[in-house]
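Could you put together the complete structure from these sequences and hints?
So the protein lines, in turn, are chains A and B. Here the working numbering is used: the first residue of the first sequence is 1, the next is one more, and so on. Here the working numbering is used: the first residue of the second sequence is 1, the next is one more, and so on.
If chains are identical, the list can't say which one is meant, so a pair holds when it fits in one copy or spans any two.
SDA-like cross-link-like pairs, simulated, lysine to any residue; straight-line CA separation at most 25 angstroms:
| # | residue 1 | residue 2 |
| --- | --- | --- |
| 1 | 31 | 15 |
| 2 | 31 | 9 |
| 3 | 31 | 92 |
| 4 | 31 | 105 |
| 5 | 31 | 1 |
| 6 | 31 | 4 |
| 7 | 31 | 63 |
| 8 | 31 | 69 |
| 9 | 31 | 20 |
| 10 | 31 | 108 |
| 11 | 31 | 47 |
| 12 | 31 | 16 |
Hints listed in this document are in silico derivations from the structure and should not be mistaken for laboratory results. Please read these numbers as outputs of a predicted model, since none were measured by experiment.
Here are the chains, one letter per residue:
Number of protein chains: 2
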Amino acid sequence: MDTPTITACCDPLVEAALDEDEAVQLAAAFKVLADPVRLRLLSLVANAEGGEACGCDLTEPVGRSQPTVSHHLSILTEAGLLEREQRGRWAWYRARPEAIAVLRDALEV
Amino acid sequence: MDTPTITACCDPLVEAALDEDEAVQLAAAFKVLADPVRLRLLSLVANAEGGEACGCDLTEPVGRSQPTVSHHLSILTEAGLLEREQRGRWAWYRARPEAIAVLRDALEV
DNA sequence: CCCGCACATCGACGCCTGTCGATACCTTGG
DNA sequence: CCAAGGTATCGACAGGCGTCGATGTGCGGG
Numbered sequence: 001m002d003t004p005t006i007t008a009c010c011d012p013l014v015e016a017a018l019d020e021d022e023a024v025q026l027a028a029a030f031k032v033l034a035d036p037v038r039l040r041l042l043s044l045v046a047n048a049e050g051g052e053a054c055g056c057d058l059t060e061p062v063g064r065s066q067p068t069v070s071h072h073l074s075i076l077t078e079a080g081l082l083e084r085e086q087r088g089r090w091a092w093y094r095a096r097p098e099a100i101a102v103l104r105d106a107l108e109v
Numbered sequence: 001m002d003t004p005t006i007t008a009c010c011d012p013l014v015e016a017a018l019d020e021d022e023a024v025q026l027a028a029a030f031k032v033l034a035d036p037v038r039l040r041l042l043s044l045v046a047n048a049e050g051g052e053a054c055g056c057d058l059t060e061p062v063g064r065s066q067p068t069v070s071h072h073l074s075i076l077t078e079a080g081l082l083e084r085e086q087r088g089r090w091a092w093y094r095a096r097p098e099a100i101a102v103l104r105d106a107l108e109v
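Structure (structure tokens):
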């Protein structure tokens with residue numbers, strides 16, 4: 001999907017008109033959240049006990065194939081919404097509230 | 001794009017895991033924001049003097065054709081992010097902060 | 001050392017969506 | 001009543017993206 005890391009790029013939508021570049025950057029960030037599987041993965045990880053979840057426990061609950069889940073986890077990680085830690089042959093994920101906050105702040109009213 | 005009106009559907013992402021339906025609904029809402037032209041249109045309207053903007057003044061700043069702008073304004077309006085009022089042959093738009101707030105709340109940390 | 005498992009990558013397929021030109025609709029001004 | 005301009009709709013096209021099966025990669029256990 002070609003998604004650079006989510007970083008604060010602009011004032012809230014309703015407080016200043018976006019220029020072209022800001023709009024492209026923000027849209028790319030929201031695009032990461034514009035998929036039901038990614039939203040579920042993000043919420044599953046954020047709500048896992050200990051604040052972290054093993055990739056091996058994420059395939060079944062979202063009802064998609066392993067390659068598809070891996071693909072979505074990559075997109076979330078590249079965007080900075082998740083961070084990945086490899087432990088042996090398992091990948092562990094934690095949510096990154098800072099990245100979520102960037103998007104929330106853009107929607108401040 | 002087939003986007004029902006944005007309405008509060010679920011607790012914040014990081015406070016409760018989304019079920020399938022909630023995820024589909026939230027993703028559809030974020031999809032509306034996942035386009036640079038729509039983000040610019042929304043911010044242009046929200047920042048217009050008087051809080052409202054005429055459609056005739058929105059085509060040029062976003063650099064797209066009139067049918068394309070009309071299409072995006074329809075999507076924003078159907079989603080409830082904009083409201084439209086027809087005055088004579090002009091369409092006037094206002095932002096709906098309530099709809100924006102629904103999405104912001106879903107990203108609460 | 002080899003097998004098994006978690007995970008990533010690849011290639012292919014189908015659908016969705018952003019875009020435009022052409023055109024139809026509708027309201028106002030003359 | 002006609003002409004003009006703002007807007008919506010239509011049809012078509014191209015590119016993007018989610019999905020999967022098959023396969024590659026790397027680590028750990030026996």
